[in-house]
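**Student:** Chains as they are written, first to last, in my numbering: chain A, 1 to 73; chain B, 1 to 611.
None of these hints come from the bench; they were simulated from the model. Heads up, the beta-carbon is just placed ideally off N, CA and C, and yes, glycines get one too. Some hints could be false.
What the hints assert, rightly or not - Distance ranges between label pairs, derived from CB positions:
#1 G338(B) x G37(A): 52 to 60 Å
#2 E22(A) x F409(B): 29 to 37 Å
#3 G61(A) x A599(B): 39 to 47 Å
#4 K99(B) x L36(A): 35 to 43 Å
#5 Q398(B) x Q2(A): 51 to 59 Å
#6 Q411(B) x F16(A): 34 to 42 Å
Stated by the list, open to error - Within a straight-line C-alpha distance of at most 27 Å, the following computed DSS-like cross-link-like pairs (lysine-lysine) qualify:
#7 K47(A) x K237(B)
#8 K173(B) x K99(B)
#9 K293(B) x K254(B)
#10 K293(B) x K482(B)
#11 K57(B) x K47(A)
#12 K6(A) x K293(B)
#13 K254(B) x K240(B)
#14 K6(A) x K485(B)
#15 K485(B) x K594(B)
#16 K308(B) x K485(B)
#17 K293(B) x K308(B)
#18 K482(B) x K423(B)
#19 K99(B) x K594(B)
#20 K602(B) x K6(A)
#21 K485(B) x K99(B)
#22 K151(B) x K99(B)
#23 K173(B) x K204(B)
#24 K6(A) x K482(B)
#25 K482(B) x K47(A)
#26 K151(B) x K173(B)
#27 K37(B) x K57(B)
To be verified - Taking beta-carbon pairs under 8 Å as the criterion, some of the chain B residues facing chain A (in silico):
#28 N576
#29 P577
#30 T580
#31 A583
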Amino acid sequence: MQITVKLYGSLCFGRFHSAVREYPDSSTIQTIVTDLGIPPDFLIRLKNGYHVPLEEVVENGDTVSLLPMLDGG
Amino acid sequence: MRILSQNPVTDPSTVLYRRCVVDLETGTASQEDVPCKNLEDVLGGFGRSYQILAERKITEAYCPENPLILNIGILTGSTVMTGLRAYFSSYSPLKQSRKGLPSAMWSAGSGNFGNKLKWTGLDEVIFENRSATPVYAVFSEGENGPQVEIKPAAHLLGLTGHEKIMTLHSEYKDAHFAVIGPAGENFNNVYMGAIVLSTDNQLKSGEGKSRFAGRGGMGSMMGYKNLIAIVARSSDKMGKITPDMRDVNRDVIKNGGSARFQPVSQGGHGGTWANIDVLQAFHAVPENNFRPKGDEDVAGLFRPNVEKDFDVHSEACFRCGIRCHNNLYHRNADGSRGALAAKFDFEPLILFGSNIGINDSRQVTELIHLCDYLGMDAISLGTTISYVLDYNARHPDQPLCDGVVFGQFDQIRELIVQTGRGKLSEIGRGVKRLSEQTGETSYAMHVKGLELPAYLPETNPAYAFAIAGGHMSMGTHMYLAKEGKTGLDDWVEVITRQGLLQVGYDMIGLCKFVGVGMGHELISRAISEATGLNVSSGEIVAAVRRAYLRGLALELRQGYEDDEYTLPGQVFENPNPNVTLPAFVTREFFAEMKLRVWAIFKPEMEGLLPE
Numbered sequence: 001m002q003i004t005v006k007l008y009g010s011l012c013f014g015r016f017h018s019a020v021r022e023y024p025d026s027s028t029i030q031t032i033v034t035d036l037g038i039p040p041d042f043l044i045r046l047k048n049g050y051h052v053p054l055e056e057v058v059e060n061g062d063t064v065s066l067l068p069m070l071d072g073g
Numbered sequence: 001m002r003i004l005s006q007n008p009v010t011d012p013s014t015v016l017y018r019r020c021v022v023d024l025e026t027g028t029a030s031q032e033d034v035p036c037k038n039l040e041d042v043l044g045g046f047g048r049s050y051q052i053l054a055e056r057k058i059t060e061a062y063c064p065e066n067p068l069i070l071n072i073g074i075l076t077g078s079t080v081m082t083g084l085r086a087y088f089s090s091y092s093p094l095k096q097s098r099k100g101l102p103s104a105m106w107s108a109g110s111g112n113f114g115n116k117l118k119w120t121g122l123d124e125v126i127f128e129n130r131s132a133t134p135v136y137a138v139f140s141e142g143e144n145g146p147q148v149e150i151k152p153a154a155h156l157l158g159l160t161g162h163e164k165i166m167t168l169h170s171e172y173k174d175a176h177f178a179v180i181g182p183a184g185e186n187f188n189n190v191y192m193g194a195i196v197l198s199t200d201n202q203l204k205s206g207e208g209k210s211r212f213a214g215r216g217g218m219g220s221m222m223g224y225k226n227l228i229a230i231v232a233r234s235s236d237k238m239g240k241i242t243p244d245m246r247d248v249n250r251d252v253i254k255n256g257g258s259a260r261f262q263p264v265s266q267g268g269h270g271g272t273w274a275n276i277d278v279l280q281a282f283h284a285v286p287e288n289n290f291r292p293k294g295d296e297d298v299a300g301l302f303r304p305n306v307e308k309d310f311d312v313h314s315e316a317c318f319r320c321g322i323r324c325h326n327n328l329y330h331r332n333a334d335g336s337r338g339a340l341a342a343k344f345d346f347e348p349l350i351l352f353g354s355n356i357g358i359n360d361s362r363q364v365t366e367l368i369h370l371c372d373y374l375g376m377d378a379i380s381l382g383t384t385i386s387y388v389l390d391y392n393a394r395h396p397d398q399p400l401c402d403g404v405v406f407g408q409f410d411q412i413r414e415l416i417v418q419t420g421r422g423k424l425s426e427i428g429r430g431v432k433r434l435s436e437q438t439g440e441t442s443y444a445m446h447v448k449g450l451e452l453p454a455y456l457p458e459t460n461p462a463y464a465f466a467i468a469g470g471h472m473s474m475g476t477h478m479y480l481a482k483e484g485k486t487g488l489d490d491w492v493e494v495i496t497r498q499g500l501l502q503v504g505y506d507m508i509g510l511c512k513f514v515g516v517g518m519g520h521e522l523i524s525r526a527i528s529e530a531t532g533l534n535v536s537s538g539e540i541v542a543a544v545r546r547a548y549l550r551g552l553a554l555e556l557r558q559g560y561e562d563d564e565y566t567l568p569g570q571v572f573e574n575p576n577p578n579v580t581l582p583a584f585v586t587r588e589f590f591a592e593m594k595l596r597v598w599a600i601f602k603p604e605m606e607g608l609l610p611e
C-alpha cells in the first residue's frame, strides 16, 4: 500500500521532506519509523493530522507526519 | 553549605547554608550559617528564596524593604553536568496584581557566575535597602571565609551589559559577573530589565556570549538598589569527578530528554530553534502578535535558510555536553567564520522575528543582539512591541510610538534602543500596563502581568497556573503539539501532576535541558553523588510541589483574584482558524479546568505561608 510520509525539522536531514512510500498491509507507525531509521522516542506522530501512538495501523492513502518532540524556550 | 547528616528530610536542620546579608544603605555585610527548615531549603533556588519573601509584606516593588535574593541550587558548582544555575528573587516591578501589589518572582541564569559564587563559600546573598550611589559588590573567597566589598560603580554606568562584564573582567581575572544593562539602570521606565551573566566563552573570546536571568525585572530591581554589578571571585573548585558521577553525566547526555537539544551533527534535533519546524507544521508559530497567518512566511527562519547567511555553530555552557547553543556568526569574505551575530533560541528568534513581522534572519539577529546588550528580557520586550504593532494596525489614525507597524525593521530597532535607554516607558513597563492605558486588553499577550513566551495561548490554557513565566514555570507549553490531548481530565492531570514540577530545576541548580522529570532517578542519584544526601525521588517531587504551591499561595496573598487567572481575551473571543491544532480552549472548558485545578491545589496550599 502507499503511504505519504512527511518529515519535519532534523528528521529531514539525509532523508526527505515528503515522499510516497510502499509498505505492506497492516503496517503501523512503528513500521515506518523503523524503516526510516528514526529513533522512536521523543517523536510526534500524526496520521492524517491526528496524533496517534506508535502501534497505530496505517491504511493505503494515509498521510503520516513525523516531527521531533522538542521543548524548552 | 555544611552537611552534618545524610538525611535532609527527617532532619533538615543538619544541613546549613551560608548566608550573607548586604545592607546597601550602609555598605555593611554580615554572614551566618542558617539551618534548613525543610527540604525546599536544602534544594535551594526559589524553593528557599520564596520562603524568605513570604516573611515580608511588600506593597510596592521599588521600596527598600523589598530584598533582592541571590542564591544557587544544591547542585550548582558540582560536577553534575549543567550544574551552573544562579537565581535572583524579589517582588517584581513587572508582575503585579490588579490590586497593585507586586508578585514574588524569580529568574534563573547560567554562565559560570553561580559556580564562582558557591566557590567563595556563599550559598545565598540577600541585598537589603538601596545604595545612595551606584555600587558593585565583590564577593571573594578568603582565608577566614567569604569576603565582601562594596565599591563605587559610576564608571560602569551607561555601558551595555557586555561592556560592563568586560570592563570588570579587566580588573578581576579570577571572577565571573552578574551585571545590569542600561535598561536596569533606567528602572523607573523599564520594568523588564534583565540580569546579564558572564560566561567563560565570553571572557575568553571577548564576544557578547552572556547568559540572562531575564524574567520579571530582576535587573530592574538591581537598578533600583543602585547595585550595578556583582562580582564573584574564587579559584576554580570543581571537584574531581567520581566514577559514579561520570555515570550520572553520561546518563544526562544519553537520556532522550537532553538528546533532543543536542546538535544535529550529534544526532540531536538542534536546540530549541527546531521548535519552529514543529509548530509550523500546525501553523502555530506566533506571527504578528500571536496571530499565525496560515502561510509559510516563517520559513525564512528555518535552519537551512539561515545557514545560507550565517555560519551556525553549536556551543555549550561551561563543561556541558548538551551543546544546545546555536551561535550565528557572520561569514568573512573568504568564507571563514567572522564575528558573533547572535544566539538563536526559539523565544527571541520568534519574538524578534515572525511575531513582529520580520522573517529575515539578518534583521532578527540584530534585534536579539540589541536586546541582549541593553539588558532586557527578550520575551517581555518582544511581546510588548508586538502589541504596539498590532494596536497600530488597528488604529492607523491614532497610533502608538510614531505609528510603527509589523515588519518595519529600522523603526522597531529604534523602539528597542529607546526602551533600553529608558526613553519609552510605554513599552518598558510591559504590555499589561500599556494595554490598560489604551483600553484594548484582549490582544495583550500576558497572564497575570507577565508577557507570554512564543507559544500560543490557545494551545496552553495552563499558562494561568504558571507562577513565574508561562513556559519556565509550567511545563505544558508544548503539550498539545506533542500529545494532541484536549480533554479536561488530561489538562487537569498535566497541570497538577507533571506541569508544575517544571519549577524543580529552578531549585536544584540544573538546567531544564537535562530533560527528565523531577521524579526521575537521575535527579536523586545526582544529589546523592554530589552531596552524600539521601533523598528519594518521591521526596524531591513532594518538595518541588510544596515550593510551587507556596508560590501560588503567595500570588493570592498579593491580591490576585480568580478572574486574573485567565488568558488573553482574544483566545475566547476570536479563535484563529489558521491554527490546525484542535481549538478546544473555550470559556466553558477554561472555567471548568480552573475549578478542578483549584479544588486540588487549594487544600494543599493551607499552611504553606507564615501566619
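**Student:** Do the alpha carbons of K482(B) and K423(B) lie within 27 Å of each other, as the hint requires?
**Tutor:** Cα-Cα ~41 Å, so violated.
**Student:** So if I understand the rule, the pair passes when the alpha-carbon distance is 27 Å or less; does K47(A) with K237(B) pass?
**Tutor:** 52 Å, violated
**Student:** Honestly, do K99(B) and L36(A) meet the 35 to 43 Å range at C-beta?
**Tutor:** At 55 Å between Cβs, range violated.
**Student:** Would you say the C-beta atoms of Q398(B) and Q2(A) sit inside 51 to 59 Å of each other?
**Tutor:** Check passed, 57 Å falls within 51 to 59 Å.
**Student:** A583(B) was flagged as interface toward chain A. Is the shortest Cβ-Cβ separation under 8 Å?
**Tutor:** 14 Å, violated
**Student:** Hey, K602(B) versus K6(A), does the alpha-carbon distance stay inside 27 Å?
**Tutor:** 45 Å, violated
**Student:** Has the hinted range 52 to 60 Å been met by the Cβ atoms of G338(B) and G37(A)?
**Tutor:** Once the Cβ atoms are compared, 36 Å apart, the range 52 to 60 Å for G37(A) and G338(B) is violated.
**Student:** For the pair supplied as a hint, K293(B) and K308(B), is the alpha-carbon distance within the 27 Å limit?
**Tutor:** The hint holds at about 25 Å.
**Student:** With the threshold set at 27 Å, check whether the alpha-carbon distance from K6(A) to K293(B) stays at or below it.
**Tutor:** 22 Å, holds
**Student:** Please work out if K173(B) and K99(B) have their alpha carbons no farther apart than 27 Å.
**Tutor:** 47 Å, violated
**Student:** Take the C-alpha atoms of K57(B) and K47(A), compute the straight-line distance between them, and say whether it is at most 27 Å.
**Tutor:** Violated - the C-alpha atoms of K47(A) and K57(B) are around 54 Å apart, more than 27 Å.
**Student:** Check the following: the C-beta atoms of E22(A) and F409(B) are separated by a distance inside 29 to 37 Å.
**Tutor:** At roughly 48 Å between Cβ atoms, F409(B) and E22(A) fall outside 29 to 37 Å, so the hint is violated.
Violated hints for the displayed structure, listed by number in ascending order: 1, 2, 4, 7, 8, 9, 11, 16, 18, 20, 21, 22, 28, 29 and 31.
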